[in-house]
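So the sequence lines, in the order shown, correspond to chains A and B. Numbering follows the numbering used here, in which position 114 of the first sequence is assigned residue number 114; successive positions increment by one, without gaps. Numbering follows the numbering used here, in which position 71 of the second sequence is assigned residue number 71; successive positions increment by one, without gaps.
Calculated directly from the structure, the hints in this document are not laboratory data.
Now the stretches of chain B that chain A is said to cover, found in silico as 3 or more residues with beta-carbon under 8 angstroms:
id : stretch
1  : 25-31
2  : 111-120
One-sided excerpt, in silico: chain A residues whose CB lies under 10 angstroms from chain B:
id : residue
3  : Ser112
4  : Ser309
5  : Ala311
6  : His312
7  : Phe314
8  : Met318
9  : Ser320
10 : Leu322
11 : Ala329
12 : Phe333
13 : Thr336
Every value quoted in this text rests on a predicted model; they were computed, and no experiment measured them. Every residue, glycine too, gets a C-beta built ideally from N, C-alpha and C.
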Amino acid sequence: MAQPEVVAPPLPEDQLAFFSAFAEGYQRALDATELVERQYLIAGYRVALRCAGPALLPAVTPALEHLRAEIRPDPDLVIDLFDARSTGMRLPFLLDFFMQRVRAKWWEHLGSRRELKGLDGEDLRCAFHPGPDILSVLDHSSDRALYWVDDAGKIPYYETGYPLSVILNWWLAKRGRQFVHAACIGTQAGSVLLTGKGGSGKSTTTLACLDSGLRLSGDDYCVIDTATLTAHSLYNTVKLKGLADVERFEHLKHCVDNLDQVQDTPDGERALIYLQQHFPDQLMRESPLRAILVPRIVDQVETTIAPSSAAHAFKALMPSTLFQLPGDARNAFQATARLTREVPAFDIALGSDIDAIPGVIAAFLRELNEGA
Amino acid sequence: MGQPYRVDTESIMHETIDGEVVIVNLQTGTYYAFDGAGEFIWDRLSGAGCSLERIIDDACRRYLGSPEVISAGVTRFFNALQKEQMLKPTDSDADAPPVAEALAPATEFQLPQLNIYTDMEALLLADPIHEVESDGWPNLK
Chain A
1 MAQPEVVAPP LPEDQLAFFS AFAEGYQRAL DATELVERQY LIAGYRVALR
51 CAGPALLPAV TPALEHLRAE IRPDPDLVID LFDARSTGMR LPFLLDFFMQ
101 RVRAKWWEHL GSRRELKGLD GEDLRCAFHP GPDILSVLDH SSDRALYWVD
151 DAGKIPYYET GYPLSVILNW WLAKRGRQFV HAACIGTQAG SVLLTGKGGS
201 GKSTTTLACL DSGLRLSGDD YCVIDTATLT AHSLYNTVKL KGLADVERFE
251 HLKHCVDNLD QVQDTPDGER ALIYLQQHFP DQLMRESPLR AILVPRIVDQ
301 VETTIAPSSA AHAFKALMPS TLFQLPGDAR NAFQATARLT REVPAFDIAL
351 GSDIDAIPGV IAAFLRELNE GA
Chain B
1 MGQPYRVDTE SIMHETIDGE VVIVNLQTGT YYAFDGAGEF IWDRLSGAGC
51 SLERIIDDAC RRYLGSPEVI SAGVTRFFNA LQKEQMLKPT DSDADAPPVA
101 EALAPATEFQ LPQLNIYTDM EALLLADPIH EVESDGWPNL K
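So that you can see chain A by itself, here it is in the shape it has in the complex (with noise of 0.2 angstroms):
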């Protein structure tokens, strides 16, 4: 079990030297393949994702495909990608000694929030995931991250689903723009976040939304820019549960893009529909925040909708949204906090008649528009 603790803030020194070494191990992977640039507009900010060779690209660029834009000179993050098996290239010796360890005994040297302990700080940010064995970097001062994984065909679907989160939180927090843990539903007039704990019927909700006239801008993340409320969208990915869930949503099945891997098991993988692949129509890149929505599953029909307090969103928005990522959870807290404080919160009670709840919100959103 990793514990959590409180461990000395790192040396600018040892960051320096492995933030060097991770980079000397992209350039030997990069000068062993060839160069795949993809850029993408991502909450007004333009990545470049500047991967060596193409063996990654299927894992990580489908749910981003929506905000890709031309390539330009002088982005403003680089992503630099690669991977051990598809180019030949293991780590620098030294680098390479040390992920060794650290995969081997990852609770000695993670932290709570698999931040690598010792490295981790808060100009360069380390992060390492175990099992799929992802190491994540970025360098605020030069804005440049490293992605590095051992093995780019073992990436595993929910990081398909929604790549380089650990990096493009860390960078994005720093401009005032925060991930959220919420679906955003809505028209280019005004959206609402949708937020609250698995069973409540925000990915039921979700769904429903599809193909209804209402469009989505993500169904588990997207990105608040919290000086202007706008909400950006980041990943065009929606997930289902299983098959259970492909069964109930009979008409998006055959989208489903790892449908031979979903288990009906509460372990199993679960369903990914890129929408830029099947409903382009329904994405949304930006729109303005209206209202934040904290579902809840009621015994009738109708679906309504009622006022709520600030602090029940911040209730439903922040625990997640904190935890579920690596980065700076303070900033996370006080701008979730504010958040709450500055969109207005409403309850939402999901009725039986799931094919109603489009029409609600639509309706709910078309008042909230027309006082904005």
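Since the structure of chain A is already known, use the hints to place chain B on it.
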């Protein structure tokens, strides 16, 4: 007056929203909420430091109600905060000045209740390889 205590800001963050105080322990993932007189007590502990005795005195001036009931309510709440390791002892010279008489009694004392939420705690303590669903960390089995 007794030993002053203050909020342990190294691991604790708090926000007051709509009169409800929401607190999170960044190290454990536990979060808390309370309202009523809890906000007044928390406010006294959020500064340089305040003793339990001082808070009881202040609460008796601040709220309408039996001093015994107020004392028992404040003590129980204070002890609950201590049990959750949200407080740390501070310099004995740091006891807060008493609340000004001008604030004196305006509202009934409402027994503060510390609500504790531990659903995020497991995320931080989980084995990210063996205790997670196929969704990966932090989705636990």
